[in-house]
Amino acid sequence: MSSKIIEPGQIEASATTPPFVLLPPKDVFARRAERLVSLAEGHPLGAYLSLMARVSKAQDAVLENPPELPTLDAQALSTALKHDMPPLSVDTLLRDNHWQPLLEAWLGRFREQNPELPDPVNQALEQLQQASAKQRLDWAEALVGGRFSELPGALVPFLGASLQLAWTLWLGQVDGKAIREREDQTECPCCGSLPVAGVIHHRRPADGVRYLVCSLCATQWHYVRLKCSHCLGTKGLEYLHFDDSPYGIRAESCPQCHTSLKQLYLENAPNSDAVAADLASLDLDMSLAEQGFHRRAPNLLLAPGGDGASADAPATRDTH
Amino acid sequence: MDMNRREFFKFCGVGLGASSLAALGMTPEPAFADSIRHFKLTASKETRNTCPYCSVGCGLLMYSRGSGGKNAKQEIFHIEGDPDHPVNRGSLCPKGAGLIDFIRSPNRLHYPQVREPGSNEWKRVSWDEALDRIARLMKEDRDANFVEKNDAGQTVNRWLTTGFLAASAASSEAGYMTHKVVRSTGILGFDNQARV
Chain H
14 MSSKIIEPGQ IEASATTPPF VLLPPKDVFA RRAERLVSLA EGHPLGAYLS LMARVSKAQD
74 AVLENPPELP TLDAQALSTA LKHDMPPLSV DTLLRDNHWQ PLLEAWLGRF REQNPELPDP
134 VNQALEQLQQ ASAKQRLDWA EALVGGRFSE LPGALVPFLG ASLQLAWTLW LGQVDGKAIR
194 EREDQTECPC CGSLPVAGVI HHRRPADGVR YLVCSLCATQ WHYVRLKCSH CLGTKGLEYL
254 HFDDSPYGIR AESCPQCHTS LKQLYLENAP NSDAVAADLA SLDLDMSLAE QGFHRRAPNL
314 LLAPGGDGAS ADAPATRDTH
Chain G
13 MDMNRREFFK FCGVGLGASS LAALGMTPEP AFADSIRHFK LTASKETRNT CPYCSVGCGL
73 LMYSRGSGGK NAKQEIFHIE GDPDHPVNRG SLCPKGAGLI DFIRSPNRLH YPQVREPGSN
133 EWKRVSWDEA LDRIARLMKE DRDANFVEKN DAGQTVNRWL TTGFLAASAA SSEAGYMTHK
193 VVRSTGILGF DNQARV
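Sequence order for the protein chains is H and G. Under our numbering, the residue at position 60 of the first sequence is numbered 73, and the numbers go up by one with no gaps. Under our numbering, the residue at position 108 of the second sequence is numbered 120, and the numbers go up by one with no gaps.
Take these hints with a grain of salt, some might be off.
Said to hold, decoys possible - Just a few of them, taken from the derived set where beta-carbon distance is under 7 Å, the chain G residues facing chain H: (1) S56; (2) W171; (3) L172.
As the list claims (entries may be wrong) - For each label pair, taking beta carbons as the anchor points, the in silico distance ranges come out as: (4) K17/H / D163/G: 15 to 23 Å; (5) I112/G / G189/H: 32 to 40 Å; (6) D203/G / E20/H: 34 to 42 Å.
Claimed, not checked - Calculated pairs, SDA-like style, for lysine to any residue (alpha carbon to alpha carbon, straight line, at most 20 Å): (7) K57/G / N281/H; (8) K57/G / L120/H; (9) K248/H / K52/G; (10) K52/G / P259/H; (11) K248/H / T54/G; (12) K240/H / L73/G.
In case anyone wonders, no lab produced these hints; they're calculated from the structure. Ideal Cβ positions, reconstructed from N, Cα and C, are used throughout, including at glycine.
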């Protein structure tokens with residue numbers, strides 16, 4: 014009896030390299046909304062989490078039925094990929110202003126879904142609606158540039174949600190497999206933004222692998238574990254968390270650059286979402302701040318307030 | 013866009029007063045900030061290592077508690093395959109997957125012991141005694157059995173009556189050192205299980 018000859022590729026399948034980039038699923042915002050609803054129950058910040066659940070629901074609705082938009086320049090996309098540049102570079106696409114119709118669409122859908130809103134929310138939506146395109150662009154640039162103190166805090170979650178929506182929508186025109194793997198990628202390979210948090214996956218083929226989650230377009234990209242995503246240091250990292258915290262979050266804290274980034278362990282919270290879990294665990298941020306750790310990771314659904322760019326900011330690795 | 017002006021920020025009880033929470037009229041109760049002080053912030057560590065068993069040399073992640081401070085006892089509570097390690101990509105064999113029990117095994121050796129010829133009991137000895145004994149026995153055996161020249165009168169410098177087994181989980185450099193040290197005594201029968 015002849016035995017079967019194994020072809021190349023048949024054995025490797027059991028030990029495949031996990032993909033470098035994971036593009037967000039179509040229902041990313043629906044899942045986030047669902048998660049936020051369940052987190053809001055009995056939470057000290059429950060009102061805010063419920064509001065953000067509704068924000069995400071409107072994001073999901075617009076993503077399903079987006080307004081007519083010009084398609085992105087395919088030539089520019091492939092050139093960016095060829096040169097290992099982010100195809101949806103936030104600097105370029107922001108100024109093209111094609112995200113503004115999505116802001117309009119989101120505002121419309123959000124109001125339609127939520128006819129009754131608290132006054133401060135209505136005022137913020139009104140301010141966003143009335144603002145000129147130029148004014149919105151200035152705010153958006155401050156927001157994605159991480160300069161939260163340069164725009165009204167009340168606008169941040171709504172403007173942030175619209176920007177997330179635009180970039181996640183555009184990801185549909187990007188071929189994730191065409192993005193070449195690079196080591197030490199601390200910014201999103203799709204849009205160049207900073208991660209909101211890390212996620213440790215719990216299912217094959219990425220079991221135990223850490224991905225960083227883009228704060229803007231929700232792309233996830235592989236980043237080696239046990240390594241600071243700010244200064245690339247690997248010495249003395251600590252994983253700080255509250256005992257029995259239900260969010261599956263531990264903060265990877267680097268004693269060299271004094272920054273920390275939250276890591277979401279899906280094994281401990283299988284239905285979780287990085288943005289939602291981050292919002293639900295602000296208590297950990299406050300505790301980390303008391304320990305002297307800075308945070309660099311933006312969450313576009315929340316302006317942190319407080320003293321932003323402060324004199325005690327740690328030494329920065331020049332990233333641009 | 014000027015990304016260098018990106019802000020570092022801290023969330024603190026006072027800071028929340030200027031955040032989106034406050035701006036949208038959803039500031040948490042002041043008790044929220046106070047309550048945080050009562051939560052215990054736990055530090056755990058994750059450390060890379062190599063499985064000690066075989067010559068495949070799988071990468072490990074070891075999770076431990078305890079800050080490593082003088083009075084804090086460090087304790088490993090979980091071990092799993094290192095998903096970033098090119099050899100095993102996060103997987104471990106059944107022996108490797110049971111390493112936590114290897115560390116905590118009540119039968120684990122904690123100190124050197126000797127069972128002398130003719131005795132049927134293990135006797136606890138100090139590290140100094142153990143190393144002295146090994147060195148002395150090796151020296152005696154080498155003095156008695158070292159072969160300087162073969163029958164044809166050629167210099168061979170062999171020591172065939174003692175063998176040496178070195179550990180796995182050793183780096184190439186450690187393997188090189190083992191080779192240099194052991195071979196220079198004339199020992200031919202040795203294995204260094206670090207062929208990775």
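A quick look at each hint next to the structure:
Proximity of S56/G to chain H holds as hinted, the smallest CB-CB distance being about 5 Å (cut-off 7 Å). Contact between W171/G and chain H, as hinted, is not supported at the beta carbon level, the nearest pair being about 43 Å apart and thus beyond 7 Å. At a threshold of 7 Å, the smallest CB-CB gap from L172/G to chain H is about 42 Å, leaving the interface hint violated. For K17/H and D163/G, the Cβ-Cβ distance of about 55 Å falls outside the hinted range of 15 to 23 Å, so the restraint is violated.
Between I112/G and G189/H the C-beta distance comes to about 37 Å, which sits within the given range of 32 to 40 Å. Range check, D203/G to E20/H: Cβ separation about 35 Å, and the 34 to 42 Å hint holds. In summary, the hint linking K57/G to N281/H is supported, as the alpha carbons are separated by about 17 Å, within the 20 Å threshold. A threshold of 20 Å between alpha carbons decides the hint, and for K57/G with L120/H the separation of about 44 Å lies outside it, so the pair is violated.
Distance hint between K248/H and K52/G is unfulfilled; the C-alpha atoms sit about 24 Å from each other, more than 20 Å. Between K52/G and P259/H, the direct Cα distance comes to roughly 14 Å. Compliance with the 20 Å bound is thereby established for this hinted pair. For the hint linking K248/H to T54/G, the alpha-carbon distance of about 18 Å falls within 20 Å, and the restraint holds. Among the hinted pairs, K240/H with L73/G is consistent with the structure: their alpha-carbon atoms are about 13 Å apart, no more than 20 Å.
This entry does not satisfy hints 2, 3, 4, 8 and 9, going by the numbered hints stated previously.
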